[in-house]
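J.: Given these sequences and hints, build the entire structure.
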Amino acid sequence: MSFSNNIRLLRKRKRKTQDDVARALNIKRSTLSGYENKVAQPGIKALIAFSEYFHVAVDTLIKVDLSVLDERQLSQLENGYDVYLKGSNLRVLATTVDRDNEENIELVPERAKAGYQRGFADPQFIRELPVFKLPFLPDEKKYRTFQIKGDSMHPIPEGSWITGEFVMDWFSLNTGTACIILTLNEGIVFKVIDNKLEQEKKLTVHSLNPLYQSYDIPGDQIKEIWKFNHYISQQMPEPEVPREHILERITNLQQEISRLKYS
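Here our numbering is used: the sequence shown runs in plain steps of one and ends on residue 272.
The set of hints was computed from the structure by calculation and includes no laboratory data.
Keep in mind that the hints are not guaranteed to be accurate.
Stated by the list, open to error - Simulated restraints on C-beta separations:
#1 K150 <-> Q243: 21 to 31 Å
#2 A49 <-> S84: 22 to 32 Å
#3 D109 <-> L262: 55 to 65 Å
#4 H239 <-> F180: 22 to 32 Å
#5 H239 <-> I266: 34 to 44 Å
#6 T105 <-> Q222: 30 to 40 Å
#7 S76 <-> T213: 30 to 40 Å
Claimed, not checked - Listed below are the simulated DMTMM-like cross-link pairs for lysine to aspartate or glutamate, each with C-alpha atoms no more than 25 Å apart in a straight line:
#8 K142 <-> E119
#9 K151 <-> E87
#10 K142 <-> D107
#11 K21 <-> D74
#12 K142 <-> D109
#13 K72 <-> E207
We put the CB at the ideal spot given by N, CA and C, even for glycine.
T.: This is the structure we're talking about:
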(Lines of atoms letter the chains of each structure in order from A; the text may use other names.)
(Lines give C-alpha, C1' and ligand atoms only; values in the text may rest on other atoms or scores of the structure.)
Protein backbone atom coordinates (compact mmCIF):
# COMPACT_ATOMS: atom_id res chain seq x y z
CA MET A 10 0.00 0.00 0.00
CA SER A 11 1.39 3.39 -1.08
CA PHE A 12 -0.54 5.42 1.49
CA SER A 13 2.39 6.30 3.79
CA ASN A 14 4.66 7.63 1.08
CA ASN A 15 1.79 9.38 -0.68
CA ILE A 16 0.59 11.45 2.27
CA ARG A 17 4.17 12.45 3.05
CA LEU A 18 4.75 13.50 -0.57
CA LEU A 19 1.46 15.44 -0.78
CA ARG A 20 2.09 17.13 2.56
CA LYS A 21 5.53 18.31 1.50
CA ARG A 22 4.26 19.53 -1.86
CA LYS A 23 1.68 21.60 0.02
CA ARG A 24 4.56 22.87 2.21
CA LYS A 25 2.78 21.77 5.35
CA THR A 26 4.36 20.46 8.52
CA GLN A 27 3.09 17.40 10.34
CA ASP A 28 1.67 19.76 12.94
CA ASP A 29 -0.25 21.65 10.24
CA VAL A 30 -1.86 18.53 8.80
CA ALA A 31 -2.53 16.93 12.18
CA ARG A 32 -4.26 20.10 13.34
CA ALA A 33 -6.37 20.29 10.16
CA LEU A 34 -7.45 16.66 10.52
CA ASN A 35 -7.95 16.89 14.27
CA ILE A 36 -5.53 14.07 15.01
CA LYS A 37 -2.35 13.83 17.08
CA ARG A 38 0.95 14.62 15.43
CA SER A 39 2.27 11.26 16.65
CA THR A 40 -0.60 9.53 14.85
CA LEU A 41 0.24 11.26 11.59
CA SER A 42 3.91 10.42 12.07
CA GLY A 43 2.92 6.79 12.59
CA TYR A 44 0.98 6.77 9.31
CA GLU A 45 3.86 8.36 7.38
CA ASN A 46 6.44 5.96 8.85
CA LYS A 47 4.27 2.84 8.34
CA VAL A 48 4.08 2.25 12.09
CA ALA A 49 0.27 2.60 12.10
CA GLN A 50 -2.42 1.79 9.56
CA PRO A 51 -5.31 4.20 8.94
CA GLY A 52 -8.93 3.18 9.35
CA ILE A 53 -11.74 4.03 6.94
CA LYS A 54 -12.52 7.35 8.64
CA ALA A 55 -8.88 8.39 8.51
CA LEU A 56 -8.60 7.48 4.82
CA ILE A 57 -11.66 9.57 4.01
CA ALA A 58 -10.29 12.48 6.04
CA PHE A 59 -6.96 12.42 4.15
CA SER A 60 -8.83 12.08 0.85
CA GLU A 61 -10.90 15.17 1.58
CA TYR A 62 -7.91 17.14 2.85
CA PHE A 63 -5.70 16.46 -0.18
CA HIS A 64 -8.65 16.29 -2.65
CA VAL A 65 -7.42 12.93 -3.87
CA ALA A 66 -9.45 9.73 -4.21
CA VAL A 67 -8.98 7.06 -1.54
CA ASP A 68 -8.16 4.56 -4.31
CA THR A 69 -5.37 6.84 -5.48
CA LEU A 70 -3.94 7.31 -1.98
CA ILE A 71 -3.68 3.60 -1.28
CA LYS A 72 -3.06 2.04 -4.71
CA VAL A 73 -1.05 4.53 -6.76
CA ASP A 74 2.61 5.28 -6.11
CA LEU A 75 2.52 9.03 -6.64
CA SER A 76 6.31 9.23 -6.63
CA VAL A 77 6.40 7.71 -10.13
CA LEU A 78 4.19 10.47 -11.59
CA ASP A 79 5.81 13.32 -13.44
CA GLU A 80 5.41 16.96 -12.45
CA ARG A 81 2.57 17.55 -14.92
CA GLN A 82 0.59 14.61 -13.56
CA LEU A 83 1.19 15.66 -9.96
CA SER A 84 0.10 19.21 -10.74
CA GLN A 85 -3.08 17.92 -12.36
CA LEU A 86 -3.71 15.75 -9.33
CA GLU A 87 -3.30 18.69 -6.95
CA ASN A 88 -5.65 20.77 -9.11
CA GLY A 89 -8.39 18.20 -8.81
CA TYR A 90 -7.68 16.05 -11.86
CA ASP A 91 -7.34 12.80 -9.98
CA VAL A 92 -5.51 10.09 -11.91
CA TYR A 93 -8.49 7.85 -11.21
CA LEU A 94 -10.64 10.17 -13.31
CA LYS A 95 -8.65 8.92 -16.27
CA GLY A 96 -9.59 5.32 -15.64
CA SER A 97 -5.97 4.55 -16.35
CA ASN A 98 -4.39 1.11 -16.28
CA LEU A 99 -3.77 1.73 -12.60
CA ARG A 100 -7.44 0.89 -12.11
CA VAL A 101 -8.14 -2.78 -11.43
CA LEU A 102 -11.00 -3.93 -13.66
CA ALA A 103 -12.80 -7.04 -12.44
CA THR A 104 -13.19 -9.36 -15.43
CA THR A 105 -13.50 -13.00 -16.48
CA VAL A 106 -11.62 -15.21 -18.92
CA ASP A 107 -12.36 -18.51 -20.64
CA ARG A 108 -10.38 -21.76 -20.50
CA ASP A 109 -7.92 -20.35 -23.04
CA ASN A 110 -7.34 -17.31 -20.83
CA GLU A 111 -9.14 -15.05 -23.32
CA GLU A 112 -11.45 -12.26 -22.19
CA ASN A 113 -15.17 -12.97 -21.99
CA ILE A 114 -17.88 -10.43 -22.67
CA GLU A 115 -19.98 -10.24 -19.52
CA LEU A 116 -23.72 -9.54 -19.78
CA VAL A 117 -25.35 -7.11 -17.36
CA PRO A 118 -29.13 -7.62 -17.70
CA GLU A 119 -31.64 -5.10 -16.40
CA ARG A 120 -32.27 -7.15 -13.26
CA ALA A 121 -28.55 -7.09 -12.39
CA LYS A 122 -28.00 -3.33 -12.74
CA ALA A 123 -28.50 -2.51 -9.07
CA GLY A 124 -26.07 -5.24 -8.08
CA TYR A 125 -23.56 -4.04 -10.67
CA GLN A 126 -23.58 -0.55 -9.18
CA ARG A 127 -22.36 -2.04 -5.90
CA GLY A 128 -20.32 -4.98 -7.20
CA PHE A 129 -18.67 -3.70 -10.40
CA ALA A 130 -15.24 -4.00 -8.74
CA ASP A 131 -15.98 -7.31 -7.00
CA PRO A 132 -14.47 -10.26 -8.92
CA GLN A 133 -16.95 -12.65 -7.31
CA PHE A 134 -19.95 -10.62 -8.53
CA ILE A 135 -18.50 -10.29 -12.05
CA ARG A 136 -17.89 -14.07 -12.19
CA GLU A 137 -21.60 -14.65 -11.58
CA LEU A 138 -22.66 -12.66 -14.66
CA PRO A 139 -23.53 -14.54 -17.89
CA VAL A 140 -20.77 -14.43 -20.52
CA PHE A 141 -20.51 -14.86 -24.28
CA LYS A 142 -18.18 -14.27 -27.24
CA LEU A 143 -18.38 -12.12 -30.35
CA PRO A 144 -15.77 -13.27 -32.89
CA PHE A 145 -15.79 -10.02 -34.88
CA LEU A 146 -14.47 -7.89 -31.97
CA PRO A 147 -10.71 -7.32 -31.52
CA ASP A 148 -9.11 -9.54 -28.85
CA GLU A 149 -6.90 -6.77 -27.45
CA LYS A 150 -9.83 -4.72 -26.14
CA LYS A 151 -12.20 -5.35 -23.24
CA TYR A 152 -15.95 -5.38 -23.84
CA ARG A 153 -19.06 -5.65 -21.67
CA THR A 154 -22.74 -5.72 -22.67
CA PHE A 155 -25.51 -3.88 -20.81
CA GLN A 156 -29.28 -4.07 -21.28
CA ILE A 157 -30.96 -0.67 -21.51
CA LYS A 158 -34.35 0.36 -20.21
CA GLY A 159 -36.61 3.19 -21.33
CA ASP A 160 -36.80 5.20 -24.54
CA SER A 161 -34.30 7.99 -23.86
CA MET A 162 -32.02 6.68 -26.63
CA HIS A 163 -34.83 6.13 -29.15
CA PRO A 164 -34.69 4.96 -31.97
CA ILE A 165 -32.56 2.30 -30.22
CA PRO A 166 -35.36 0.07 -28.86
CA GLU A 167 -35.94 -0.44 -25.15
CA GLY A 168 -34.46 -3.71 -23.92
CA SER A 169 -31.59 -3.62 -26.43
CA TRP A 170 -28.20 -5.03 -25.47
CA ILE A 171 -25.48 -2.36 -25.77
CA THR A 172 -21.91 -3.58 -26.08
CA GLY A 173 -19.26 -1.12 -24.99
CA GLU A 174 -15.46 -0.99 -25.08
CA PHE A 175 -13.80 -0.26 -21.73
CA VAL A 176 -12.28 3.23 -21.71
CA MET A 177 -9.10 3.73 -19.73
CA ASP A 178 -8.44 7.38 -20.57
CA TRP A 179 -11.67 9.33 -20.10
CA PHE A 180 -10.10 12.57 -21.31
CA SER A 181 -9.52 10.96 -24.72
CA LEU A 182 -13.26 10.56 -25.39
CA ASN A 183 -14.52 12.84 -28.13
CA THR A 184 -17.63 14.93 -27.67
CA GLY A 185 -20.49 13.24 -29.50
CA THR A 186 -19.47 9.73 -28.45
CA ALA A 187 -22.19 7.42 -27.16
CA CYS A 188 -21.17 5.77 -23.88
CA ILE A 189 -22.42 3.53 -21.11
CA ILE A 190 -21.53 5.36 -17.89
CA LEU A 191 -21.55 3.86 -14.39
CA THR A 192 -22.26 6.61 -11.86
CA LEU A 193 -22.42 6.62 -8.08
CA ASN A 194 -25.90 8.18 -7.89
CA GLU A 195 -27.73 7.12 -11.05
CA GLY A 196 -26.25 3.70 -11.68
CA ILE A 197 -25.86 2.79 -15.35
CA VAL A 198 -26.84 5.34 -18.01
CA PHE A 199 -26.48 5.21 -21.79
CA LYS A 200 -25.98 8.67 -23.29
CA VAL A 201 -24.13 10.76 -25.85
CA ILE A 202 -21.46 12.79 -24.07
CA ASP A 203 -20.13 16.33 -24.25
CA ASN A 204 -16.68 15.82 -22.70
CA LYS A 205 -15.90 18.70 -20.32
CA LEU A 206 -13.69 16.77 -17.90
CA GLU A 207 -10.53 18.70 -18.78
CA GLN A 208 -11.99 22.17 -18.28
CA GLU A 209 -14.98 21.72 -15.97
CA LYS A 210 -14.49 18.25 -14.43
CA LYS A 211 -17.82 16.97 -15.73
CA LEU A 212 -19.62 15.29 -18.61
CA THR A 213 -22.74 16.82 -20.08
CA VAL A 214 -24.88 13.94 -21.35
CA HIS A 215 -27.60 13.96 -23.97
CA SER A 216 -30.35 11.55 -25.04
CA LEU A 217 -31.15 10.75 -28.66
CA ASN A 218 -34.79 11.22 -27.78
CA PRO A 219 -35.41 15.02 -27.84
CA LEU A 220 -38.08 14.67 -25.15
CA TYR A 221 -35.33 14.15 -22.56
CA GLN A 222 -33.27 17.05 -21.23
CA SER A 223 -29.49 17.06 -21.08
CA TYR A 224 -27.76 17.14 -17.70
CA ASP A 225 -24.30 17.12 -16.11
CA ILE A 226 -22.47 14.27 -14.39
CA PRO A 227 -19.57 15.43 -12.14
CA GLY A 228 -16.35 13.57 -12.83
CA ASP A 229 -16.05 12.38 -9.24
CA GLN A 230 -19.40 10.58 -9.59
CA ILE A 231 -18.17 8.41 -12.47
CA LYS A 232 -16.82 4.92 -11.82
CA GLU A 233 -16.62 3.37 -15.31
CA ILE A 234 -17.11 4.40 -18.94
CA TRP A 235 -17.71 1.99 -21.83
CA LYS A 236 -17.65 3.43 -25.36
CA PHE A 237 -20.52 2.30 -27.58
CA ASN A 238 -19.59 -0.37 -30.11
CA HIS A 239 -22.88 -1.87 -31.26
CA TYR A 240 -26.29 -2.98 -30.06
CA ILE A 241 -28.38 -6.15 -30.40
CA SER A 242 -32.17 -6.07 -30.38
CA GLN A 243 -35.10 -8.33 -31.23
CA GLN A 244 -37.07 -5.28 -32.32
CA MET A 245 -36.85 -3.33 -35.54
CA PRO A 246 -36.08 0.37 -34.98
CA GLU A 247 -39.09 2.56 -35.68
CA PRO A 248 -38.85 4.48 -38.98
CA GLU A 249 -37.95 8.14 -38.69
CA VAL A 250 -40.96 10.38 -39.24
CA PRO A 251 -40.27 13.17 -41.76
CA ARG A 252 -40.25 16.67 -40.27
CA GLU A 253 -43.22 17.82 -42.35
CA HIS A 254 -45.30 14.92 -41.02
CA ILE A 255 -44.44 15.85 -37.44
CA LEU A 256 -45.47 19.47 -38.06
CA GLU A 257 -48.69 18.31 -39.67
CA ARG A 258 -49.47 16.12 -36.64
CA ILE A 259 -48.78 19.00 -34.25
CA THR A 260 -51.05 21.33 -36.26
CA ASN A 261 -53.85 18.76 -36.29
CA LEU A 262 -53.47 18.21 -32.56
CA GLN A 263 -53.62 21.95 -31.88
CA GLN A 264 -56.76 22.26 -34.00
CA GLU A 265 -58.37 19.36 -32.16
CA ILE A 266 -57.57 20.90 -28.77
CA SER A 267 -58.99 24.24 -29.92
CA ARG A 268 -62.17 22.55 -31.18
CA LEU A 269 -62.65 20.71 -27.86
CA LYS A 270 -62.00 23.90 -25.89
CA TYR A 271 -64.71 25.91 -27.60
CA SER A 272 -67.26 23.18 -28.27
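J.: Of all the hints given earlier, name the ones this structure violates by number, lowest first.
T.: Of the numbered hints, just 9 does not hold.
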